[in-house]
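The task is simple: from the sequences and hints, build the whole structure.
Letter by letter, the chains look like this.
Protein chains: 2
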Amino acid sequence: MLTAYNYQEFLSSSFLKKESNKTNRDIMDSVKKIIDDIQDKGDRALLGYIEKFDGVIPENLLVSREERKAAWKLVDTKTITALRNAAENIKSFHQKQLQNSRIMQQDENIYAGQLYRPIERVGIYVPGGTASYPSSVLMNAIPAVLAGVENVSMATPVRNGQPINPVLLVAADIVGVHNIYKVGGVQAIAAFAYGTETIPSVDKIVGPGNAYVAAAKALVYGDVGIDMIAGPSEVAIVADESANASYVAADLIAQAEHDPSARAILFSLSAELIDRVNDELKNQCSVLPREEIATEALNVNGASVLVSDIDQAFELCNAVAPEHLEIQTERPLECLGKVKHAGSVFLGHYTPEALGDYYAGPNHVLPTSGTAKFSSGLSVDDFIKKTTFLYYSEAALKDASEDVMQLAKQEQLEGHSRAIEKRIK
Amino acid sequence: MLTAYNYQEFLSSSFLKKESNKTNRDIMDSVKKIIDDIQDKGDRALLGYIEKFDGVIPENLLVSREERKAAWKLVDTKTITALRNAAENIKSFHQKQLQNSRIMQQDENIYAGQLYRPIERVGIYVPGGTASYPSSVLMNAIPAVLAGVENVSMATPVRNGQPINPVLLVAADIVGVHNIYKVGGVQAIAAFAYGTETIPSVDKIVGPGNAYVAAAKALVYGDVGIDMIAGPSEVAIVADESANASYVAADLIAQAEHDPSARAILFSLSAELIDRVNDELKNQCSVLPREEIATEALNVNGASVLVSDIDQAFELCNAVAPEHLEIQTERPLECLGKVKHAGSVFLGHYTPEALGDYYAGPNHVLPTSGTAKFSSGLSVDDFIKKTTFLYYSEAALKDASEDVMQLAKQEQLEGHSRAIEKRIK
Numbered sequence: 000m001l002t003a004y005n006y007q008e009f010l011s012s013s014f015l016k017k018e019s020n021k022t023n024r025d026i027m028d029s030v031k032k033i034i035d036d037i038q039d040k041g042d043r044a045l046l047g048y049i050e051k052f053d054g055v056i057p058e059n060l061l062v063s064r065e066e067r068k069a070a071w072k073l074v075d076t077k078t079i080t081a082l083r084n085a086a087e088n089i090k091s092f093h094q095k096q097l098q099n100s101r102i103m104q105q106d107e108n109i110y111a112g113q114l115y116r117p118i119e120r121v122g123i124y125v126p127g128g129t130a131s132y133p134s135s136v137l138m139n140a141i142p143a144v145l146a147g148v149e150n151v152s153m154a155t156p157v158r159n160g161q162p163i164n165p166v167l168l169v170a171a172d173i174v175g176v177h178n179i180y181k182v183g184g185v186q187a188i189a190a191f192a193y194g195t196e197t198i199p200s201v202d203k204i205v206g207p208g209n210a211y212v213a214a215a216k217a218l219v220y221g222d223v224g225i226d227m228i229a230g231p232s233e234v235a236i237v238a239d240e241s242a243n244a245s246y247v248a249a250d251l252i253a254q255a256e257h258d259p260s261a262r263a264i265l266f267s268l269s270a271e272l273i274d275r276v277n278d279e280l281k282n283q284c285s286v287l288p289r290e291e292i293a294t295e296a297l298n299v300n301g302a303s304v305l306v307s308d309i310d311q312a313f314e315l316c317n318a319v320a321p322e323h324l325e326i327q328t329e330r331p332l333e334c335l336g337k338v339k340h341a342g343s344v345f346l347g348h349y350t351p352e353a354l355g356d357y358y359a360g361p362n363h364v365l366p367t368s369g370t371a372k373f374s375s376g377l378s379v380d381d382f383i384k385k386t387t388f389l390y391y392s393e394a395a396l397k398d399a400s401e402d403v404m405q406l407a408k409q410e411q412l413e414g415h416s417r418a419i420e421k422r423i424k
Numbered sequence: 000m001l002t003a004y005n006y007q008e009f010l011s012s013s014f015l016k017k018e019s020n021k022t023n024r025d026i027m028d029s030v031k032k033i034i035d036d037i038q039d040k041g042d043r044a045l046l047g048y049i050e051k052f053d054g055v056i057p058e059n060l061l062v063s064r065e066e067r068k069a070a071w072k073l074v075d076t077k078t079i080t081a082l083r084n085a086a087e088n089i090k091s092f093h094q095k096q097l098q099n100s101r102i103m104q105q106d107e108n109i110y111a112g113q114l115y116r117p118i119e120r121v122g123i124y125v126p127g128g129t130a131s132y133p134s135s136v137l138m139n140a141i142p143a144v145l146a147g148v149e150n151v152s153m154a155t156p157v158r159n160g161q162p163i164n165p166v167l168l169v170a171a172d173i174v175g176v177h178n179i180y181k182v183g184g185v186q187a188i189a190a191f192a193y194g195t196e197t198i199p200s201v202d203k204i205v206g207p208g209n210a211y212v213a214a215a216k217a218l219v220y221g222d223v224g225i226d227m228i229a230g231p232s233e234v235a236i237v238a239d240e241s242a243n244a245s246y247v248a249a250d251l252i253a254q255a256e257h258d259p260s261a262r263a264i265l266f267s268l269s270a271e272l273i274d275r276v277n278d279e280l281k282n283q284c285s286v287l288p289r290e291e292i293a294t295e296a297l298n299v300n301g302a303s304v305l306v307s308d309i310d311q312a313f314e315l316c317n318a319v320a321p322e323h324l325e326i327q328t329e330r331p332l333e334c335l336g337k338v339k340h341a342g343s344v345f346l347g348h349y350t351p352e353a354l355g356d357y358y359a360g361p362n363h364v365l366p367t368s369g370t371a372k373f374s375s376g377l378s379v380d381d382f383i384k385k386t387t388f389l390y391y392s393e394a395a396l397k398d399a400s401e402d403v404m405q406l407a408k409q410e411q412l413e414g415h416s417r418a419i420e421k422r423i424k
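Heads up: the protein sequence lines correspond to chains R and X, in order.
269 is the number that numbering that gives the first Met the number 0 gives to position 270 of the first sequence; each next residue is one higher, with no gaps.
169 is the number that numbering that gives the first Met the number 0 gives to position 170 of the second sequence; each next residue is one higher, with no gaps.
Hints should not be assumed to be uniformly reliable.
Same chains, same names: a pair is fine if it fits in one copy or spans any two.
Straight line, CA to CA, 25 Å or less: simulated DSS-like cross-link-like pairs of lysine-lysine [to be verified]:
#1 K17 x K337
#2 K281 x K17
#3 K408 x K90
#4 K424 x K397
What the hints contain is simulated information worked out from the structure, not anything from laboratory work.
Below is the structure:
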């Protein structure tokens, strides 16, 4: 099922081609129109689009206390416990990312450093329908709340008057989401970006979504912050003879079942392992509820690459910069130093990606499509701003003045030079 | 010259309106065409655009060692000393931002943390012509080099065969820029983003530019990283009776001389100070080389706001989230805790913004147009990616398995559940 490559073939494969993630112009144009409309006309336009795309305008856009309370009665205790335990682990991991303001220099004449301050208002987008993931609520909200964001809002669509998945509401309560709005798609992004009478604007929008939501985030980027523009999910597995073919196959399938465009790549030091994995893929897929999706993804976007040694595996793997990287080798920790570019790394035979997707602590919002070469998964840092500060005494300014004035003159900014001159004369 | 506001008036002024920074569609379309062309046809298209926009195709796009060496003879020693001293200060400040990989958890069964890894290849854009700023080279390159970026490239246009400003080349040498290419505008951004035969692609593009460069950066964002989309520069000054009107005016002018659309706002606790500042502005502008630009900026985008107390000043100031914030009060350090949103803060009567623009250490690449509410100035962090890692033992996975499988089933991702199940049975 996996397309077989050797080292050379993989180097010239489409997996290493820099392709533009850009949405096509048609989508962009229609999305822009919705955003402009909502920015201009507020609630009136917003409600119109909700009716158009989701069938029914909810009585109240803001989910009420009663609705949130009622959700708890609809979720079984096993799920509530699992959510609580996951939230604890995620909190514990992210808490350790918190940092203090820093002082870079402090002497008699100069005081300089960085203030760490939280973003004030954040909006989390949570898709509805089959891709309605409570784990997304945990992963997006926890770092925001820990960072000290004052207001964490959430938006999720209500289709044809159907109630919101109660597990989402319970997850939102567990992590402390302040407001939840019944609005989805481009409308939600536009409302968060520019505000309407009912939905206050936020400073940053995070969370997954379909191609339209992604286009909307790209369009409002700059007016508000966004987390990233995510592409299809992907996993790369580096495996040696010690790997269990059944585990490897299960993890490739877990990736593939997301989406027909999901990517699953196996870098193997053993030809035999590749054969066994392919057999396992067939067997395991045949009894999978999402068989069709997984099979298509594996056939179209699945790859096995036979490498000559572990360094070759990591050379190719770093070139891919996968969202998820599993290292199923005999000595996985010894490979960690070879990782240059990846979203998140899962080490050893008992650390499947699924464990991290839901539960262990690291964030599951990760850079896709090779963007791990320049960006990171979601963390507390995404909700913090660093403001530099500087104090110079009169004496310190005098010492610096000649150099500063010289540089200002070089750039023909005489006003800059005079702002120094006035103070030292 | 400054338009006078009181608290209420300022609250409903255009300074606090969320306006879209988005470039208009016409610019976007023409910029997209250039990018697509260069992505498709490489050097052939690139050279065509260089000829079209800059008049002459340089013999070699890559600045030679000889050209770089020759530049040193064309720059006076006073400037070289000033550049070296500035570079030292900027290095010293940014060095203290460097962080180590972190371990969040490490016990018998679980090992989890974050790897800090540099971006591999960075491209710095440096505008040509009158806005050719050597300080930009220092501010953009130093954090990249300190972060451990392997290849720092720079692109700057050569107009009509004119040589590159030698101060730029000297600055690039001082900070260790690896390659310099003679290409500007949208062409440079496209070449950095997608690579051509002559110019290798990079992973992240940083640096200022005009509206076309900004549009190009917005369009390639996602395929490569970018620093930010910068708007016009701005300063806000909070001043009390202790402030020197001549210094305040000089700093407002230093901002205003950049650009007719630059913003300069004075929050004053004293009506008398506002009057004196206005008088100073008139006098100082009248003898300024860039008088016209500065006067237009102050008349159109200048504001004085009389506030009743220091808290009111900071309430309004945080609502603006200015790129630069000067606090010219009697006890400036005591105000630092009131700053929520700003790019960079300058404290006291002897810390003019110009000192930070060139010299003191903090970066001058800062969030504009209120984006300090959700983003930060350039720092070493912008050139580092954080990759999370996770190891679970078999026993740890067994402990977690029930919860993880429960959550996977809630999301109807049976393949995720089975990836756990296979390992614990």
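Status of the hints after comparison with the structure:
Within a single copy, K17 and K337 get their C-alpha atoms as close as 22 Å, which meets the 25 Å cut-off; across copies the closest is 45 Å, which misses it. In the homo-oligomer, the alpha carbons of K281 and K17 never lie at most 25 Å apart, since the shortest distance is 31 Å inside one protomer and 54 Å across protomers. For a Cα distance limit of 25 Å, the shortest separation of K408 from K90 across copies, 22 Å, qualifies, whereas the shortest one inside one copy, 51 Å, does not. Proximity of K424 and K397 under a CA criterion of 25 Å is satisfied intra-copy only: 9 Å inside one chain copy versus 74 Å between copies.
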